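Asks: Sequence:
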Amino acid sequence: MTKKLYINNPYLKETHARVIDKSFENDNFHIKLDRTIFYPHMSGGQPKDLGTICEKEVIDVYEDGLNIVHVLEEDIDSKDVNLSIDWNNRFDLMQQHTGQHILSAAFLKLFNAKTIAFHMGEKYITIDVDIVDINDEEILQIETLSNKIIQSNFNVTSSFLDSSNITDLDLSKVPEEEQDNIRIVNIDNISTTPCSGTHVSSTGEIGLIKIINTTNYKGNTRVSFICGNRSLKDYSLKNRYINKISLSLSSGITDVLDKFLKLKEDKENLQKKNKNLKEEIISLKGNRLLEKKKNINGIDYIIENLEGIDKKELNLISSYLNKEENLIQIYKLEDKNQGMFLISKSHNLDINLKELFDSIAQKIIVKGGGNKEKIQGTTSPTIIDRVIEMFYKEIQAYLKTKPNK
Numbered sequence: 000m001t002k003k004l005y006i007n008n009p010y011l012k013e014t015h016a017r018v019i020d021k022s023f024e025n026d027n028f029h030i031k032l033d034r035t036i037f038y039p040h041m042s043g044g045q046p047k048d049l050g051t052i053c054e055k056e057v058i059d060v061y062e063d064g065l066n067i068v069h070v071l072e073e074d075i076d077s078k079d080v081n082l083s084i085d086w087n088n089r090f091d092l093m094q095q096h097t098g099q100h101i102l103s104a105a106f107l108k109l110f111n112a113k114t115i116a117f118h119m120g121e122k123y124i125t126i127d128v129d130i131v132d133i134n135d136e137e138i139l140q141i142e143t144l145s146n147k148i149i150q151s152n153f154n155v156t157s158s159f160l161d162s163s164n165i166t167d168l169d170l171s172k173v174p175e176e177e178q179d180n181i182r183i184v185n186i187d188n189i190s191t192t193p194c195s196g197t198h199v200s201s202t203g204e205i206g207l208i209k210i211i212n213t214t215n216y217k218g219n220t221r222v223s224f225i226c227g228n229r230s231l232k233d234y235s236l237k238n239r240y241i242n243k244i245s246l247s248l249s250s251g252i253t254d255v256l257d258k259f260l261k262l263k264e265d266k267e268n269l270q271k272k273n274k275n276l277k278e279e280i281i282s283l284k285g286n287r288l289l290e291k292k293k294n295i296n297g298i299d300y301i302i303e304n305l306e307g308i309d310k311k312e313l314n315l316i317s318s319y320l321n322k323e324e325n326l327i328q329i330y331k332l333e334d335k336n337q338g339m340f341l342i343s344k345s346h347n348l349d350i351n352l353k354e355l356f357d358s359i360a361q362k363i364i365v366k367g368g369g370n371k372e373k374i375q376g377t378t379s380p381t382i383i384d385r386v387i388e389m390f391y392k393e394i395q396a397y398l399k400t401k402p403n404k
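Sequential numbering of the sequence shown, starting at 0, is according to numbering that gives the first Met the number 0.
If you're looking for bench data, these hints aren't it; they were derived computationally from the structure.
Since the model is a prediction, treat every value here as computed from it, not as a measurement.
Hints should not be assumed to be uniformly reliable.
[As the list claims (entries may be wrong)] Below, in silico cross-link-like pairs of lysine-lysine (BS3-like), each with a Cα-Cα straight-line distance of 25 Å or less: (1) K2 to K31; (2) K243 to K266; (3) K243 to K272.
[As the list claims (entries may be wrong)] What follows is a list of derived Cβ distance ranges for each label pair: (4) E13 to Y234: 52 to 62 Å; (5) F23 to F110: 45 to 55 Å; (6) S249 to G307: 55 to 65 Å.
Heads up, the beta-carbon is just placed ideally off N, CA and C, and yes, glycines get one too.
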């Protein structure tokens, strides 16, 4: 059985231990010790500790019955080993876990909302509380109470009881099964919770709790929050960015939101005006091309060699003109490096341009594609005129065999 030193002394950063068992599995060494300061991964929902054994990295820690198994990529020859944990990581988890107990207690006290799930992530912590809706004012109340508990610097203690001795305790969470040696973490009677995690010894060590987001989740509310040094880093980051934004807007910090909303409104108005202007330009250019149409056997053709126009704009023009009936558009775009083409038809014409493209592609080298209404592609600039001529003749030949709708 591995003695869990972190239970009674989570502040122990280094110690020695003796190897009691070792195996080689999945290309790694799995080592059991007679005692450890390493917390096993996701035991009670808390992530594992980071650190080294004999200066070799521990890549995983897990429970195996009453033993704790340490996973290393490198073997350790000695039976007597030195253990060292990453203290910054351990203390961060202690701050987050104790902070979670406090936040859950605040929800229970103010809104009788119980915590039904929690998750400790690398960036933030989440708890799911059985409350459907919560507003900004209520979040502020929760934060205020939580941080008052922190500032009061209450003691955080733990003890072991069995199931028969916890019936008189006002537990925030009751064990589902009868157990012996249930560890109870108590925050000066503000929170009394069965928990196997590592915790700070007094609430003042947490520093700060900050709720960063709330969302509806399966009929409950999921609360994302951070504690301690994570809160400081988050504040520093946001303060740096808000100051930069404030400077760029020539605005005081309290006026940044109003300025941003005004800029957003102005941008949306400009986008609407720009869209209307683009539509006018497209219609003007389209109508000019329409003036150049030629009627052959009841079908109108626009066959143009265009300069200074990009493919996106040409697509918009061809789509605009497709509202006309009995119209075929055949465009060649000037380019020194490649020959580009776009061919489009009115919706009422019974011809599948994609099938036509596939047929011509078997006779001459072209790249591209499209659908039955519009095709576009490229070919060598030396044969682009020939390709345009082929499409024109194939379309004429096909339409002669089909009555117009």
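Asks: All the hints need checking, so say for each whether the structure fits it.
Replies: Right, here's what the structure says about each hint:
no.: 1; hint: K2 to K31; verdict: 11 Å, holds
no.: 2; hint: K243 to K266; verdict: 20 Å, holds
no.: 3; hint: K243 to K272; verdict: 30 Å, violated
no.: 4; hint: E13 to Y234: 52 to 62 Å; verdict: 32 Å, violated
no.: 5; hint: F23 to F110: 45 to 55 Å; verdict: 52 Å, holds
no.: 6; hint: S249 to G307: 55 to 65 Å; verdict: 39 Å, violated
Against the hints set out earlier in the document, violations occur for numbers 3, 4 and 6.
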